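Since the structure of chain A is already known, use the hints to place chain B on it.
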Amino acid sequence: MDYLYFPGCTLYTKAKNLDVAARECAKIVGFELRELPNWTCCGATFPLAIDNLMALLPPSRILATAMEAGGNLTTLCSVCFNVLRRTSYLLESDLEKREKIFDFIEMEYRDGLRVPHYLEILRDEVGFETVKAKVKRDLKGLRVAPYYGCLLLRPFDEMRFDDKENPTILERFVESIGCEPVDFPYKIECCGSFQSVSAPEVAIECGYAILKSALKNGAEVMVSTCPLCQFNLDTKQREIREEYPEFQGIPVLYFSQLMGLSFDLPMEILDFQRNDVDPLPFLERKGLL
Amino acid sequence: MGRVGVVFCLCERLGDSVDKKAEGIQETIEKEVDFNWLATHPGVCTKWGIDFLIKAVREQKLEGVVIACVAPKSVGPTLKKAIVRETNGTVLTRCIGLPVGNPEPSTQSETVETLKRSLDELRNEKSPQRAGPSIERAMVVGGGIAGMTAAIDLGNGGYETILVDRLPSIGGRMLQLSETFPTLDCAQCTLTPKTVETGQHPKIQLRTYCEVEKVEGKAGHFTVTLRRKAAYVDWEKCTGCGLCQEKCPQKTPSVFDRGVGLGKAIYTLSPQAVPNKPVINPETCRYLQEGKCRVCEKVCPVDAIDYEQKETFIREEVGAIVVATGFDLYPLSQIGEYGSGSIPDVVDGLAFERLLSASGPTTGEIRRPSDGRVPKEVVFIQCTASRDPDRYMPYCSRVCCMYTAKHAKLYKHKVPDGRAYVFYMDIRSTGKGYEEFIQQGMEEEGTCYLRGRVSRLFQDGEQIMVWGVDTLTAKRVEIAADMVVLATAIIPSEGAGILAQKLPGVETDVHGFFTEAHWKLYPVDTGTDGIYFAGCDQGAKDIADTVAQGSAAASKVQALFAQYRNETSPEAQGQR
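Line by line, the protein sequences are chains A and B.
Just so you know, we're using my numbering here: the first sequence kicks off at 1 and counts up by one.
Just so you know, we're using my numbering here: the second sequence kicks off at 1001 and counts up by one.
Hints are computed from structural coordinates only; laboratory data are not their basis.
Do not rely on the hints blindly, as some may be mistaken.
Partial list, derived from the structure: chain A residues whose beta carbon lies under 7 angstroms from chain B [as the list claims (entries may be wrong)]:
id, residue
1, 163
2, 165
3, 166
4, 178
These figures come from a predicted structure and were not determined experimentally.
Every residue, glycine too, gets a C-beta built ideally from N, C-alpha and C.
Looking at chain A on its own, in the form it has when it is part of the complex (with noise of 0.2 angstroms):
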């Protein structure tokens, strides 16, 4: 069982800590993800003018070099996978622009190509119960608040993740690593996306939203699945805390860092120096180090 797998620009910088976990576990699970060959950016976000084709043609060549290649392609960074799964789905479903697209690109179209979520593997072909016969270390019933953000699930009908308004994919991982999964009411709630840039009031209105919520059902520790939200999630508690003092702080971790520790990986590949919120003074106190 192989897929290829596009990392995207994040994963080999800032995210690192979200990627090699992913590959190390993918291995204990047993699938093995093979680099997609020239890879390029994604475009990072998939147009929202129906006629700028333009903005499609880094993913359908990427999609193309994964047809070529044979076999399907998965990818971990949320922003990648909407975009490529959303170009796939429309690239299925619209001739009339597939056959622009692929004109001008000058590569073949190939039926059948598959973009599953990393997550979508480990539910649909690996099993969430071979994952809980992995697991090594107890973490011992942690409480996990699941974030999930908004580009894994929407727009529904071409993403087709899970339950467009309440998902339950990470709820149903956490429990299979051992920990105990807290609902709370903004677990898909936007987390202030690209706003932390231009205007950085919001995304810490949206993160301190999120991690209050979270904080307030018992969540001990917060897993998310994107570079994007980790950073409004993750860097920006420091920001946060300065806006509200008495804000407490909760550790943020890439579900794969949480899945590699619940299989005992070593500390260099958990890589946990990477999560500004560190996790590792709780993680002792709870005894689970």
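Coordinates of chain B only, in the frame set by chain A:
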């Protein structure tokens, strides 16, 4: 079959290229289709057109004729009847559709194909034979207000009628309601006389706790097999004293009370149930599940409990069938943004009816299902899972604006210091007295109407947080509510699709509602003569419209029986 003819009706609705189109199609037909006579006419549906047809049929000595026009569903039946009448049923007719406007060449070839098929059908049809008079007995499937109305009308007309319901007693959804809009009449006071009348009618035979297993035959001569489920109670012996229900130790959430009240494992739907005989729910009965208990058997004074009872099959011969299987509400479990049914104080409209109802689990007091407290802030959300083509049902469920206004009003009557908020998209109050009812609620009862949608509900401590928007002030609204009532979409009742498959020629639309023979002219006719429908199984509607359809279906059945008695040809026996 002898000579067959084809007539094209070339009326204005075909568009501006009538002549060209006729030429084009005529050429193809003359080349490809095998027929004896071809003509065109500018309006076959007129008196003048019909005269033309009849004259042509006689002069050309035709035995079959295919008519192509733009409105075959509405025009066809009239032409067919006229030809049958004039030729004493010796000439067979088919009516096929022509595309309106300027069609693609592909549609033209489709028309030619349909024409060929219709001609083949005509040629293969057996020469008319009289099937004998109809069995003058009817079956009504579904004992709600639609079905009861149809059964009573048929019974009053002198026809023996079998009323089937899958529940242990008749009454349907209306029995669950508290008071009805726009008069605030008590639903039970309206309904109970009808259920009693149905139960006592000398011409109506009740077949409750039965489901339709198989339907064979055609108009005038249907054989219906019913499956009578095991009640585990001998209804012949049972006197309906109620002792078994009183003593049964097994309490379970009651389906009739929509989960906001408790019922027993041996139950009737209500104290006024018709027939007033209990059944045992085998899934919750302690004895049938675990082999221990038998309390009901011990207390029954007439030895009516029979744990060994098996399901039985009953065959009924009837001439016509009225299907009135009613509706369900869109399941809360499928609405993720509103808690997927996991928040106890978020209920649907029918559950709130049970809380309002004097015969309900709280004897009409509004109390929260979670802790029994009287809610002081209640939020009503209209159009839940309706009018949402991307995610849920695209259609309007038609009654929610009205019953939500009623809910808010009744709530304010019972909890005068409480506050009622209604989130709405727009108010659709089109019935007689409906708009006045809404206005009265807004102006005199102080119901707070907010135009906007609610994006999310979640439990926040003891309250339910409501995130909404008021689009008239363009502001986000957050309400910490004690209770939320969702006006969920009306959907066809469970199993309606399976029933449709058992009924010859009966079709359902993409949402599962039965498809009428013609949108406007034949609203209670199915595609098959002798099978009609009434009420919400054809689409969402209020009680008044439902009753009207019940009577309409009954009158169709009576006309069918009369035609079978009077007409000489089976071709004329079709009502359409």
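Structure-based check of all given hints:
no., hint, result
1, 163, "holds (5 angstroms)"
2, 165, "holds (3 angstroms)"
3, 166, "holds (3 angstroms)"
4, 178, "violated (23 angstroms)"
Taken one by one, the earlier hints fail for this structure only at number 4.
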